[in-house]
Structures are given as structure tokens and as C-alpha cells.
Amino acid sequence: MLVAVLLLALAPAASAFDGAMPVPVPGSLHIFAPGPPALGLSLDANPSSIGDFDGTVALAYLQGRAKDASGRRFKMSNDMRVMTGRYLAADGSPHVGSFAFI
Numbered sequence: 001m002l003v004a005v006l007l008l009a010l011a012p013a014a015s016a017f018d019g020a021m022p023v024p025v026p027g028s029l030h031i032f033a034p035g036p037p038a039l040g041l042s043l044d045a046n047p048s049s050i051g052d053f054d055g056t057v058a059l060a061y062l063q064g065r066a067k068d069a070s071g072r073r074f075k076m077s078n079d080m081r082v083m084t085g086r087y088l089a090a091d092g093s094p095h096v097g098s099f100a101f102i
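With my numbering as the guide, the letters of the sequence shown map in order to residues 1 to 102.
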């Protein structure tokens, strides 16, 4: 995660989000997660989850144990991503932005 924070900190000021939302990868509501095939993932996937995106993506998969408010323990798996770069909005206009997916 430190690498992702550093990437965003080093991104030029021109990468500031201008408010135009990106569109998801076309054709599915599925988030294409890259990763080991043994976990049911694919190495040939789009880690940004943004359609028409050109930029840098940092991602991390975290697993561990957690405890809820009543003290019950459970296994937790998290997929975190940080993206910064150029993308096309739904109207086809070009934009620059940074996004996080947790």
C-alpha cells in the first residue's frame, strides 16, 4: 500500500480529478481481478476496472482474520486498487484522474 501512496504523491498536479466519472470495463458488471488461477482469478485481466483507461495501477490482496462487534472471528479477504491516469468519460470526452477501489 505504501507503493500506491507514493505513486499518487509523485503524480503531477495535472492528474487532479476533474469530476467526470469513468465508465466500467464494457460488457460485464464483473470486476476483472488479476491474480493466481488457483484462486479462480486470471493473469490476463484488466486491473484498473475502468474502461478506456491509460495509466498506472497499484493493487494489493490482503487476507487475515478479523473480529466483529460481538467478538465473533471470521476470515477477511480484501482487494484494494489505486489508479491514476487518463480515461474517457461516458460521453467520450478525455479526462485525467486518480481513483481508489477498496
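One or more hints might be untrue.
[As the list claims (entries may be wrong)] Restraint ranges, calculated between C-beta atoms of paired labels, are given here:
(1) Ala66 x Pro37: 39 to 49 Å
(2) Ala69 x Pro36: 15 to 25 Å
(3) Arg73 x Ser98: 30 to 40 Å
(4) Gly35 x Ser98: 33 to 43 Å
(5) Ala66 x Arg86: 19 to 29 Å
(6) Lys75 x His95: 34 to 44 Å
(7) Gly92 x Asp68: 40 to 50 Å
(8) Gly35 x Arg65: 14 to 24 Å
Quick caveat, the hints were computed from the structure, so don't treat them as lab data. Every value quoted in this text rests on a predicted model; they were computed, and no experiment measured them. All C-beta atoms in this analysis are idealised placements derived from N, C-alpha and C, irrespective of residue type, glycine included.
Status of the hints after comparison with the structure:
{"no.": "1", "hint": "Ala66 x Pro37: 39 to 49 Å", "result": "violated, 27 Å"}
{"no.": "2", "hint": "Ala69 x Pro36: 15 to 25 Å", "result": "violated, 33 Å"}
{"no.": "3", "hint": "Arg73 x Ser98: 30 to 40 Å", "result": "holds, 35 Å"}
{"no.": "4", "hint": "Gly35 x Ser98: 33 to 43 Å", "result": "violated, 23 Å"}
{"no.": "5", "hint": "Ala66 x Arg86: 19 to 29 Å", "result": "violated, 37 Å"}
{"no.": "6", "hint": "Lys75 x His95: 34 to 44 Å", "result": "holds, 38 Å"}
{"no.": "7", "hint": "Gly92 x Asp68: 40 to 50 Å", "result": "holds, 45 Å"}
{"no.": "8", "hint": "Gly35 x Arg65: 14 to 24 Å", "result": "holds, 20 Å"}
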